[in-house]
Every structure is written in C-alpha cells, then in structure tokens.
Amino acid sequence: MGDERAPAEAPLVKRSVAIKGHRTSVSLEPAFWRQLQTLAERRALSTGALIAEIDAVRGSANLSSAIRVFVLQASIQ
Numbered sequence: 001m002g003d004e005r006a007p008a009e010a011p012l013v014k015r016s017v018a019i020k021g022h023r024t025s026v027s028l029e030p031a032f033w034r035q036l037q038t039l040a041e042r043r044a045l046s047t048g049a050l051i052a053e054i055d056a057v058r059g060s061a062n063l064s065s066a067i068r069v070f071v072l073q074a075s076i077q
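Our numbering puts the last residue of the sequence shown at 77; the count rises by one with no breaks.
Incorrect hints may have been included.
Ranges of calculated distance between the beta carbons of each label pair, as one might list FRET restraints [what the hints assert, rightly or not]:
id	residue 1	residue 2	range
1	SER60	SER25	15 to 21 Å
2	ARG58	PRO30	17 to 23 Å
3	GLY48	LEU12	17 to 23 Å
4	PRO11	GLN77	15 to 21 Å
5	ALA31	GLU53	29 to 35 Å
6	ASN62	PRO11	27 to 33 Å
7	SER46	GLN77	19 to 25 Å
8	GLU41	ILE76	16 to 22 Å
9	ILE76	ALA18	28 to 34 Å
10	LEU12	GLN73	19 to 25 Å
11	GLU29	ARG58	25 to 31 Å
12	HIS22	SER75	15 to 21 Å
13	GLY21	ILE76	29 to 35 Å
14	GLY21	SER75	26 to 32 Å
It is worth saying that the hints were derived from the structure and are not from the lab. All C-beta atoms in this analysis are idealised placements derived from N, C-alpha and C, irrespective of residue type, glycine included.
Just need the whole structure built from these sequences, with the hints factored in.
Here it is in structure tokens:
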C-alpha cells in the first residue's frame, strides 16, 4: 500500500476584534485570515468591519464558522 498520510492541519491563528464595542477573539486558519483580508480590501473595509457585518447576520452560528462560510461563499461567486 502507498503512503496515505493525512494532510497537515494548519495551526489556528487567534486574533482579537471589536464588535459593537466589545472585544472578542476569533480563531481561523491563516488561509481564511488572508482571504478575509482580501475580501475586506475589495469592499474598502477593515477586516474588523467586515467581521462585524458577518456577525450581524450570522444568527446562532459560531462566529469563526460563520466567517469560514462567508469566505467560502465569496470564493465561489
């Protein structure tokens, strides 16, 4: 049999952001942070402002998960 190792998992990067005046931390893989920053720049927003927009519409979803879904949806549009 061949070498069937699982791909290495990217370490999570934790960053602190302010949403509606409250500090919270968000943990994402580096690739998601990079893409989120790119999306924010395209919309002339700070990364924090884009995260606040995602937070406002996420419902009961975990914020980190909501950001990942947002980034994935933006990549297929």
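Hint check results:
no.	hint	result
1	SER60 x SER25: 15 to 21 Å	19 Å, holds
2	ARG58 x PRO30: 17 to 23 Å	22 Å, holds
3	GLY48 x LEU12: 17 to 23 Å	18 Å, holds
4	PRO11 x GLN77: 15 to 21 Å	28 Å, violated
5	ALA31 x GLU53: 29 to 35 Å	20 Å, violated
6	ASN62 x PRO11: 27 to 33 Å	19 Å, violated
7	SER46 x GLN77: 19 to 25 Å	22 Å, holds
8	GLU41 x ILE76: 16 to 22 Å	19 Å, holds
9	ILE76 x ALA18: 28 to 34 Å	29 Å, holds
10	LEU12 x GLN73: 19 to 25 Å	21 Å, holds
11	GLU29 x ARG58: 25 to 31 Å	18 Å, violated
12	HIS22 x SER75: 15 to 21 Å	29 Å, violated
13	GLY21 x ILE76: 29 to 35 Å	33 Å, holds
14	GLY21 x SER75: 26 to 32 Å	31 Å, holds
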